[in-house]
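Q: These are the residues of each chain, in order.
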Amino acid sequence: MGRLRHAISIIVLVALSTLGLRALFSVILALPRAASAEAGPIDTLFNAHFWMIAFLFAFIMVMMLYSVFVFRRKPGDETDGPHVHGNTRLEIGWTIIPTVVVLGFGVWGAITLNAITSPKAGEMVVHVTGKQWAWTFDYPEQGDISSGDLVLPVGRTIVLKMNAEDVLHSFWVPEFRVKQDLVPDRETTLRITPTEIGDYMLRCAEICGLNHTLMEAKVRVVDAAGFQAWVDEKSAAPAFADMTPEERGAFWHSAEGFSCFGCHSLDGSPSVGPTWQGLYGRQEQLADGSTITVDDQYIINSILHPADQVVAGFQPNLMPPDYADKIAAREQEIQAAEGIDIDITADLIAFIKTLQ
Amino acid sequence: MFKTLRIILTSALVRGIVGQALGTALGYAFVAGLRALRGAETGWIYEPALAFGAIIGVIGFLLGAGVLTDWLKWAIGRQTPLRHGAPAGRPEWSRYFNVDYNHKVIGIQYGISSLLILLIGGVFAILFRLELAHSGMQWLTNSQYNTLFSAHGIIMIAAILGGVGAMVNYLVPLMIGAADMAFPRLNAFSFWVSVPAALLILGGIAVGGWDTGWVGYATLSLRAPVGMVLFLLGFWVVGFSSIAGSANLLVTVATMRAKGMSLFRMPIFVWAAVAASLIQLTATQTVGVALTMSVAERVIGLNFFDPTGGGNPILYQHLFWFYSHPVVYVFVLPGLGVISELLPVFARKPLFGYRWVALSSLGIALVGFLVWAHHMFTSGMADALRVPFMFSTMLVAVPTGVKFFSWIATIWEGKLPSNPPTPLLFVLGAISVFLIGGVTGPILGTIPTDLHLHDSYWVVGHFHATMFGGFIFPFFAALYYWYPKMTGRMYNERLGKLHFWLMLPAFWVMSIGQMSVGLLGMRRRIADYDPALGIDGTQLLITLAALVIGWSVLIMIYNLAFSQRMQPVAETNPWRSRSPEWQIPSPAPEFNYDVPFEVVGEPYDYGLADATYIRDATPAAVPSGD
Amino acid sequence: MSAVTTTHAPAHAEHEHGLPPAQQVRANRLGLWLFCFSEMFLFGALLASRFVLWGNTRPELSQVMGLVATSVLLLSSFFMYRAEMGAAYGDRSKFLNGALLAAALGTLFFIMVVVLEWNVFGLEGNLFGVELFGHLTPADGVYGGIFFAMTGMHALHVLTGIALILIIWWNGRRGRFTPESHWGVEATAIYWHFVDVVWVFFYPALYLMGHLAH
Ligand code: HEA
Ligand code: HEA
Ligand code: CUA
Ligand SMILES: [Cu+2]
Chain A
966 MGRLRHAISI
976 IVLVALSTLG
986 LRALFSVILA
996 LPRAASAEAG
1006 PIDTLFNAHF
1016 WMIAFLFAFI
1026 MVMMLYSVFV
1036 FRRKPGDETD
1046 GPHVHGNTRL
1056 EIGWTIIPTV
1066 VVLGFGVWGA
1076 ITLNAITSPK
1086 AGEMVVHVTG
1096 KQWAWTFDYP
1106 EQGDISSGDL
1116 VLPVGRTIVL
1126 KMNAEDVLHS
1136 FWVPEFRVKQ
1146 DLVPDRETTL
1156 RITPTEIGDY
1166 MLRCAEICGL
1176 NHTLMEAKVR
1186 VVDAAGFQAW
1196 VDEKSAAPAF
1206 ADMTPEERGA
1216 FWHSAEGFSC
1226 FGCHSLDGSP
1236 SVGPTWQGLY
1246 GRQEQLADGS
1256 TITVDDQYII
1266 NSILHPADQV
1276 VAGFQPNLMP
1286 PDYADKIAAR
1296 EQEIQAAEGI
1306 DIDITADLIA
1316 FIKTLQ
Chain B
3 MFKTLRIILT
13 SALVRGIVGQ
23 ALGTALGYAF
33 VAGLRALRGA
43 ETGWIYEPAL
53 AFGAIIGVIG
63 FLLGAGVLTD
73 WLKWAIGRQT
83 PLRHGAPAGR
93 PEWSRYFNVD
103 YNHKVIGIQY
113 GISSLLILLI
123 GGVFAILFRL
133 ELAHSGMQWL
143 TNSQYNTLFS
153 AHGIIMIAAI
163 LGGVGAMVNY
173 LVPLMIGAAD
183 MAFPRLNAFS
193 FWVSVPAALL
203 ILGGIAVGGW
213 DTGWVGYATL
223 SLRAPVGMVL
233 FLLGFWVVGF
243 SSIAGSANLL
253 VTVATMRAKG
263 MSLFRMPIFV
273 WAAVAASLIQ
283 LTATQTVGVA
293 LTMSVAERVI
303 GLNFFDPTGG
313 GNPILYQHLF
323 WFYSHPVVYV
333 FVLPGLGVIS
343 ELLPVFARKP
353 LFGYRWVALS
363 SLGIALVGFL
373 VWAHHMFTSG
383 MADALRVPFM
393 FSTMLVAVPT
403 GVKFFSWIAT
413 IWEGKLPSNP
423 PTPLLFVLGA
433 ISVFLIGGVT
443 GPILGTIPTD
453 LHLHDSYWVV
463 GHFHATMFGG
473 FIFPFFAALY
483 YWYPKMTGRM
493 YNERLGKLHF
503 WLMLPAFWVM
513 SIGQMSVGLL
523 GMRRRIADYD
533 PALGIDGTQL
543 LITLAALVIG
553 WSVLIMIYNL
563 AFSQRMQPVA
573 ETNPWRSRSP
583 EWQIPSPAPE
593 FNYDVPFEVV
603 GEPYDYGLAD
613 ATYIRDATPA
623 AVPSGD
Chain C
56 MSAVTTTHAP
66 AHAEHEHGLP
76 PAQQVRANRL
86 GLWLFCFSEM
96 FLFGALLASR
106 FVLWGNTRPE
116 LSQVMGLVAT
126 SVLLLSSFFM
136 YRAEMGAAYG
146 DRSKFLNGAL
156 LAAALGTLFF
166 IMVVVLEWNV
176 FGLEGNLFGV
186 ELFGHLTPAD
196 GVYGGIFFAM
206 TGMHALHVLT
216 GIALILIIWW
226 NGRRGRFTPE
236 SHWGVEATAI
246 YWHFVDVVWV
256 FFYPALYLMG
266 HLAH
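Chains as they are written, first to last, in my numbering: chain A, 966 to 1321; chain B, 3 to 628; chain C, 56 to 269.
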């Protein structure tokens, strides 16, 4: 009789609390807007998990608080509780039932995973490169254009083929839900199918050193026509021969060039490396105590042998020592494509001189 | 006053620190000198010298403190009887600053150092929480922020390992009726070796910090600032403490139980300690390998992880998580043991399903070994591994669930006091907090949802809840509950309740807040976030909650420190517990049980009139040979 | 246990409150086995790393050297066994000679690894047409890394083992072990055999398995 009353109260309380908690969750534990096809099945799974969390939390807390308040010791009562050691049926039950439930969730998870990772028709490949602390995107199917923003056509499944140059990074746009690390020397892939036109932010989700916080890139999802227009504009772009050295210097500083911006600001704001604003002709104190004036020689040396002359207050060995090779390779590439000789370091110096 | 100072200045602690400083200097000078001899110039911190100096420094500490003295004497064939009590002519309190072999002293040494570094780690958290209270950079640089959260993580974990050491050392010999641990000198070693380890980690902050978080992933670890090396070595040395301590405990439980105490008649906490020790004994070695490899790659140039030489950065993650997942159960199992231990006492009912609860600890430990790659779902590891690890991860929920259901069944129809004392409050709080921590685990364990949640603040919320619920709350419960046992006095009940009622709600705000911002896109390990995420308000709440938690912990420290003198003497058995340690005076005598006991009944027979758990062993049953 | 008899018992330093000797040896033995069990994970992790990084390949190493070194180490285990038997049956000279031989062979093994295989002195030379000194250097990518890590970690254990053997030998000469009480000898022997068994797994993993890389 007493048992029945307890059972009914518990059932009612648990049901109410579960519903209440689930409602509360949709306020305080809300997901960001969903903007990819992958987000659909993932959010369904989220929803199921939230229901389970609500129920389990409600169930155990109701039982606990019920025991605390309903069965608590009455004043003057000095006796012990009933001598109950266990109940095999109950114990088997609360082992088997959760097992079935979690395995069910496992199966569901596996099915969802398969759905969001399997190849789709009409995929488009984009190469993603992450390095401390900048992103570059290359579009092999669009004539190898290269960009610092990720621009994607809506409704098409994009296969991101990703690579890191130095340390681990991670690709995450919360609205797309999925995430994948970038590993040096190893290609990782991620599939996303943007479904909502709009602007998003890609932010590196794996700690990658000093400026991990700042490792971001703009993501723009546009319609097919807009994408084509963007591709056209991009591929029309640099015939290096037509650009002034200053323009080329600005280009090398950007993500399509060598991503110098990851460490060197142009507006005087502090970063990992010295700002380029007012750099040319500046007096710099070096870590070894000597003072130099920034001139062509110093800039060239700092690009090719970054560990040589470190400015006081900056960490040595942050700047990769392989720019000499990268620059030479790029110069050769341009020589092959356009038949002109470009001096990239000279371009950069010309650009820096404009930043007084 | 002067005498006190002299005693402290000549204590093992101070001698050890001096030894460590000397050793470090010596090692540094040796390697730097060798290099100078070859005519190479060095920067002002030369890393190989620092690494070598750090290792010699640890040995210097152990020699200086005198931890190794007895063993060195054995090696040359000298007998060294175990010293008991304070060294001649020194006051009782000086034992806590010196190498002492009594498990209760060592337990308290662990406990105090654990609280101390909990405070340091907490202050770090508060410092970087102030930075995060608002978007935009407030007062830290990126590099300071990175060092602070990395140090916070590892220091808190060291604090937990210390707290586990405290509970296990103090309680297990008492509970099984042993006079001490099986290897008292090894026990002292386990504690003392963790002191130079902690100093190494703090030294890592002093020489400029590091920025990899507590996980130290390659290849970032190979280019992180120089503090990295001290962090890696410090973490590595802590491992010695874990391995030695756990082997000691396992042997103690295996060979020194009181007569009649079969495995299923041990107090339940002992089961938890055994399960946790099994993990520590084995898994620690693999993280040791990972850390050694990282140091070797940084310092000597061996190649394991850097792909430019053919290495594999993901290998580091496998080795690391093979330890660091199971170790989260080291953090919680003793805490869950405390919950299982206290509930029957307060509910005046037997522990429901004792055997199944005991075995669930082993179950958690064993399944815990099979799930490590759930931290790596997005890492780019072999695709074929993802789904199997998802299933194994989901299965850990089962033995953990057994514990929850048994706790509920234990207090169902139990007679919990209507005005719960502080330890009970903390136990009930722990259940609620660990529950939310636990149930936010499977959502991380299913891969599709983890793809969103990984490296977001949801994870931060999840693990603060599990660690607070599984360790911090139960540890505080244990501190209050066994306080009379340790000191002979009662803590201040009103301050204890104040502590609880400040900390519980503040914790909920902090942890739910973290989960909430994580879902919305807040990444881990960032010093600044985009105001466009719309989370400024929640972040401020989290910071405020952190401050409240901080204050509440300070209240507890005050309570524990001053109750020792100002509170009334405690009754022998204030909780009317049936556990053996409460049947002897408080504080427990040097050798625990002057008359050995034998076990004649079940440990939790509350509610059964004239049931007995233990009684004085008949003299004939005393093992001879003494 | 209701009647509490004594209050805080004064600490008496002269009274040994350790375990009775027989029980202590049992505890020691268990402790040592647990230690070996723990170390299995250390060496296991190294082995696993070898398979991850080398896969089905191996570096070029002198097969003769590997085989000789392995035999030397196994032989030393045999003498260690004789030493232990000597101690157990009170045969002092068998014990001392066995221990000394085991230590000598262990040292030989150590020298073969460090001087010959690692070639720390950068030497060159031939013996019966066999190249005496190894070519692999720590800078040789993962091959150098794993090889030096595995042999180095093992050599460290060998070195510890030699030190332990010398300690029991020194104490044995002073007659500190009896057939009834020679735990130190037993422990050293177990440890030494363990270190050998580890090499039994390392040797094929380093020298035999997989095909030659380039
Ligand atoms: C004390 C510590 C502790 C504990 C106990 C746990 C417990 C669990 N953890 Fe947690 N975890 C951490 C500490 C802990 N964790 C830490 C520190 C990290 C981050 C490390 C870092 O990156 O820095 C982490 C990260 C982490 C991840 C990686 C997230 C990521 O980075 O992407 C995952 C993924 O699977 C995970 C899962 C789980 C699961 C499934 C459990 C389970 O054991 C939980 C089981 C409990 C319950 C489920 C509740 C009770 C059960 C019932 C009431 C029965 C019925 C239940 C069901 C039917 C579901 N944890
Ligand atoms: C037991 C473990 C433990 C504990 C107790 C805590 C306690 C706290 N943790 Fe921490 N935390 C970790 C383990 C723990 N943490 C780990 C492992 C990480 C991961 C690190 C990594 O990413 O690598 C982490 C990361 C982490 C982050 C994420 C950082 C990032 O990714 O950028 C945050 C952010 O909010 C945080 C906050 C807090 C806060 C506010 C507390 C508070 O509860 C602290 C409360 C304070 C005290 C207990 C100290 C007492 C207070 C004082 C002595 C001073 C009082 C002063 C004033 C009030 C002014 N922690
Ligand atoms: Cu790149 Cu974080
Ligand atoms: Cu885990």
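Hints may contain errors.
[As the list claims (entries may be wrong)] DSS-like mimics (lysine-lysine), calculated; alpha carbons at most 30 Å apart, straight line: (1) A:Lys1039 <-> A:Lys1199; (2) A:Lys1039 <-> B:Lys499; (3) A:Lys1039 <-> A:Lys1126; (4) C:Lys149 <-> B:Lys75; (5) A:Lys1039 <-> A:Lys1085; (6) A:Lys1318 <-> A:Lys1199.
[Said to hold, decoys possible] Between beta-carbon pairs, the in silico distance windows are: (7) C:Leu129 <-> B:Ala613: 51 to 61 Å; (8) B:Arg37 <-> A:Ala1311: 33 to 43 Å; (9) B:Ala613 <-> C:Gly145: 46 to 56 Å; (10) A:Asp1287 <-> B:Ile128: 40 to 50 Å.
Hints were generated in silico from the structure; no laboratory data involved.
Glycine is no exception: its CB is placed at the ideal position from the N, C-alpha and C atoms.
Q: Look at each hint and say if it fits the structure.
A: Results of checking the hints against the structure:
1. Under the criterion of a C-alpha separation no larger than 30 Å, the hint pairing Lys1039 (chain A) with Lys1199 (chain A) is inconsistent with the structure, at around 80 Å.
2. Taken as a hint, the Lys1039 (chain A) and Lys499 (chain B) pair is honoured in the structure, with Cα atoms around 21 Å apart against an allowance of 30 Å.
3. At most 30 Å may separate the alpha-carbon atoms for a hinted pair to count; Lys1039 (chain A) and Lys1126 (chain A) exceed this at roughly 67 Å.
4. At most 30 Å may separate the alpha-carbon atoms for a hinted pair to count; Lys149 (chain C) and Lys75 (chain B) meet this at roughly 26 Å.
5. For the suggested pair Lys1039 (chain A) and Lys1085 (chain A), the alpha carbons sit about 67 Å apart, so the restraint of at most 30 Å is broken.
6. For the suggested pair Lys1318 (chain A) and Lys1199 (chain A), the alpha carbons sit about 27 Å apart, so the restraint of at most 30 Å is met.
7. Separated by about 59 Å at the C-beta atoms, Leu129 (chain C) and Ala613 (chain B) satisfy the suggested range of 51 to 61 Å.
8. For the hinted restraint 33 to 43 Å between Arg37 (chain B) and Ala1311 (chain A), the CB-CB distance of approximately 39 Å keeps it satisfied.
9. Between Ala613 (chain B) and Gly145 (chain C) the CB atoms are about 53 Å apart, so this pair conforms to the stated range of 46 to 56 Å.
10. Against the hinted window of 40 to 50 Å, the Cβ-Cβ separation of Asp1287 (chain A) and Ile128 (chain B) comes to about 41 Å, which satisfies the hint.
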